[in-house]
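There are 2 protein chains.
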Amino acid sequence: MNVHIITIGDEILIGQITDTNSAWMAQQLNLQGARIVGMTSISDGMEDIINTLARATKQADVVLLTGGLGPTKDDITKKAIAKFYETGFVFSQETYDRIVGFFERLGRSTTEAHRQQCFMPQNAKLLTNKMGTAPGMWFDENDTVVVSMPGVPYEMKYLMEHEVLPRLTERFPMQAIAHRTIQTIGEGESRIAARIEAFENKLPEHIKLAYLPNLGRVRLRLSGSGTDQAALEQELDALVAELVPQIEELVFGYETDSIEAVIGQLLKERGLTLATAESCTGGHLAHQITAISGASAYFMGSIVAYDNAVKENLLGVQSATLAEHGAVSEACVREMAEGVRERLQTDIGVSISGIAGPTGGTSDKPVGTIWMAISDGKRTVTRKLQLGKKRVLNIKYTSNQALNLVRCLVLGMV
Amino acid sequence: MNVHIITIGDEILIGQITDTNSAWMAQQLNLQGARIVGMTSISDGMEDIINTLARATKQADVVLLTGGLGPTKDDITKKAIAKFYETGFVFSQETYDRIVGFFERLGRSTTEAHRQQCFMPQNAKLLTNKMGTAPGMWFDENDTVVVSMPGVPYEMKYLMEHEVLPRLTERFPMQAIAHRTIQTIGEGESRIAARIEAFENKLPEHIKLAYLPNLGRVRLRLSGSGTDQAALEQELDALVAELVPQIEELVFGYETDSIEAVIGQLLKERGLTLATAESCTGGHLAHQITAISGASAYFMGSIVAYDNAVKENLLGVQSATLAEHGAVSEACVREMAEGVRERLQTDIGVSISGIAGPTGGTSDKPVGTIWMAISDGKRTVTRKLQLGKKRVLNIKYTSNQALNLVRCLVLGMV
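So the sequence lines, in the order shown, correspond to chains U and H. Residue numbering for the first sequence follows my numbering, starting at 96 and increasing by one per position. Residue numbering for the second sequence follows my numbering, starting at 96 and increasing by one per position.
Pulled out of the complex, with its shape left as it was, chain U reads as follows (with noise of 0.2 Å):
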């Protein structure tokens, strides 16, 4: 199966906008096995759609537009597609009902404009867009499929979830495809791709491994193609089976699992209560535990001890400490660990202190040079990260880093 991609809209050749859609489908596009041959960003023009719906019929099986339904765009993705087929227009009483009782339930009324959304050509058949008025369209004329959605993301990718996918993938019957993904973090890809050598030269042709490295976490995505579909999801459980023991203790999680909802599970299954001291993360680390909707049952809060004196008057730390080792320093994060969790009375301490860069470092301290500590009452973990110089990279990366000791630590592994 052969897609072209065309996103329409002015707003997007102005640069306004970056168009996200085009990735999002050819990701999507590309898991099902198809293969994308162009996308293609126009204007609001009735002769550029035209063309351009011409041009992609001729060398694509399946054409995907988004864009251009909308009332204040006059709608003429709709007339260029129907002047494109050369065929009228009928009126859709299904999706009349359905807009004008959307508008009821916010107690508003519907105006001409909407009942004009109503008229479709008369050669498309209707998806049910939940997300909003206006439907997908999908056409299926001289061996090539053409479907129109709406350009707002989330609309576009509820048709395509529930709507496009399924019918492309029974429309164009492939190969069996699945797909594995499993969720690290500790090591960099090179250090993993080292321990599991032997896992991935012995891998069958039909499977492929891909490393994908964002900010000190490494997805590693088993993708396998075949004709049977049961046999192939076997098959990658057995693998996935076969290769977390060989990395176990970095693996965090599977699929689309954060590390932050991934420890916000582990505490609260365990009844643990977590608080957070942050020196150079500057709050980054609370922002990203409190993300989580719920993260109110195992967090408590944050000590953010931007200043020396705050470190010192609420997390306790000595002033000799900050005298003889400095702020980044072990001494120093070991007493912000444990000074958070006496004083938030939580279960475990995490704390965080570094040069996030770019100026400040010293011969001795570079920036990136950043130290963590983890408390559980019991005893005390320090690590030590030596970063770049980019300020928001290593702030981001720091609060994984720190997450995943929270991980390790509740799983007995440090």
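Mixed in with the good hints, there may be bad ones.
Since the list gives no way to pick out one identical chain from another, each pair is judged satisfied if it fits inside one copy or across any two copies.
List of simulated lysine-lysine pairs, DSSO-like, C-alpha gap at most 30 Å [to be verified]: (1) Lys484 <-> Lys252; (2) Lys297 <-> Lys460; (3) Lys225 <-> Lys460; (4) Lys363 <-> Lys484; (5) Lys485 <-> Lys225; (6) Lys363 <-> Lys174; (7) Lys363 <-> Lys491; (8) Lys491 <-> Lys225; (9) Lys220 <-> Lys363; (10) Lys252 <-> Lys220; (11) Lys220 <-> Lys460; (12) Lys252 <-> Lys473; (13) Lys252 <-> Lys225; (14) Lys460 <-> Lys363; (15) Lys220 <-> Lys303; (16) Lys225 <-> Lys484.
Because the hints were derived from the structure by calculation, they are not lab data.
Given chain U, put chain H in place with the hints provided.
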């Protein structure tokens, strides 16, 4: 000047990366008065590149290509362009010397692949790339300019700013273009529009006003075109001087200023210090403040009091206040702001408590109910926000509003 942008790379077509180059280039070109007629993403394939080039050069005055110049991709873009122009290659000693020098400074030697990189199409004018090894290439044949650049964003941006845009404005003399951006916070775009309606209505034809909203901030951009650059710049300056007093208290900066950098500068200038007490924003406000390098000069720290016990023990919020009014209340944020100011011994304390969502609301206090307060020791001022149900949006929007409260207090506007 009509421009077609082509991005080349399999990594775009499989959705592994989102193409952000096109939007950035489109923005820059639009600011120069150019019109983008199309954007196309294609694979690293000889046929694809040649066909797309042929089509684009027919349609546009300028075709900009990025990607496919790296050594790992076998220089397919360069070969495709040479084939398109039916021309041969010539060795660029200048490029070779630059690459050798570049690697010598890194203490590394060059390989045969690097020498091969220095063969260039005969009709290419080379554009020096100070950010990497592959130079940009400028072709000017049959009244159409074709420019090829590396796909690495910072290399492409360097070439666009230093080589391509200056040459294009010389090659295609356009009318004078100028822009002014005014950064505002504190009102939505429709209210701003109502306040400056008279100003907007009397703008001459050649000056446009755009409203660009983002998480509670609204950028106002005046764009003008004309024949005389100096006169146009003067005209825009006069319009800015006329507009700003009408919305004075909303204007926090100009051009690319950020609210966190602006309040940092304000606090530094006046020798004031700041501390924050956060509940529902969970550390995001502190993170936003400390994302600015040098924040330690005025930011002492934050108490992220997620749990009510932390609000009592570390911020001194009274149990009676929590029992009577709850944590999401005017009384609570008042005590939080005063408490953090006292305990962190700062000039200013700012606090936030609310229901970030998506769950946790009551009929009294629905999701999105957020209180904030600011105290300077003499008085404490409170504000209430009523936002939607999206957790991360609520957190970011609220942080911006709290930063604005700091600005208003320091400037004596609350």
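Hint by hint, here is what the structure shows:
Taking identical chains as interchangeable, the C-alpha atoms of Lys484 and Lys252 lie at most 30 Å apart only when they sit on different chains, with a minimum of 20 Å there against 37 Å within one chain. In this assembly of identical chains, the alpha carbons of Lys297 and Lys460 never lie at most 30 Å apart, being 44 Å within a copy and 59 Å across copies at closest. In this homomeric assembly, Lys225 and Lys460 come within 30 Å of each other (Cα to Cα) only across copies, at 28 Å, whereas the closest approach inside a single copy is 55 Å. In this homomeric assembly, Lys363 and Lys484 come within 30 Å of each other (Cα to Cα) only across copies, at 24 Å, whereas the closest approach inside a single copy is 36 Å.
Taking the shortest alpha-carbon separations for Lys485 and Lys225, only the inter-copy value of 19 Å comes in at or below 30 Å, while the best intra-copy value is 43 Å. Taking the closest pair of Cα atoms, Lys363 and Lys174 never come within 30 Å of each other, the shortest separation being 54 Å inside a single copy and 58 Å across copies. In this homomeric assembly, Lys363 and Lys491 come within 30 Å of each other (Cα to Cα) both inside a single copy, at 24 Å, and across copies, at 26 Å. Only between protomers do Lys491 and Lys225 lie at most 30 Å apart by alpha-carbon distance; the minimum there is 28 Å, versus 36 Å within a single protomer.
Taking the shortest Cα distances, Lys220 and Lys363 never come within 30 Å of each other, neither inside one copy (47 Å) nor across copies (62 Å). Taking CA atoms no more than 30 Å apart as the test, Lys252 paired with Lys220 passes inside one copy only; the shortest distance there is 18 Å, against 44 Å between copies. For the identical chains of this complex, Lys220 and Lys460 are neighbours neither inside a copy (65 Å) nor across copies (44 Å), given an alpha-carbon limit of 30 Å. Neither within a single protomer nor between protomers do Lys252 and Lys473 lie at most 30 Å apart by alpha-carbon distance, with minima of 48 Å and 52 Å respectively.
In the homo-oligomer, the alpha carbons of Lys252 and Lys225 lie at most 30 Å apart inside one protomer (11 Å), although the nearest pairing across protomers, at 41 Å, exceeds that limit. With identical chains, the CA atoms of Lys460 and Lys363 are at most 30 Å apart between copies only, with a shortest distance of 26 Å across copies and 37 Å within one. In this homomeric assembly, Lys220 and Lys303 never come within 30 Å of each other (Cα to Cα): the closest approach is 37 Å inside a single copy and 41 Å across copies. In this assembly of identical chains, the alpha carbons of Lys225 and Lys484 lie at most 30 Å apart only when taken from different copies (19 Å versus 46 Å within one copy).
Violated hints for the displayed structure, listed by number in ascending order: 2, 6, 9, 11, 12 and 15.
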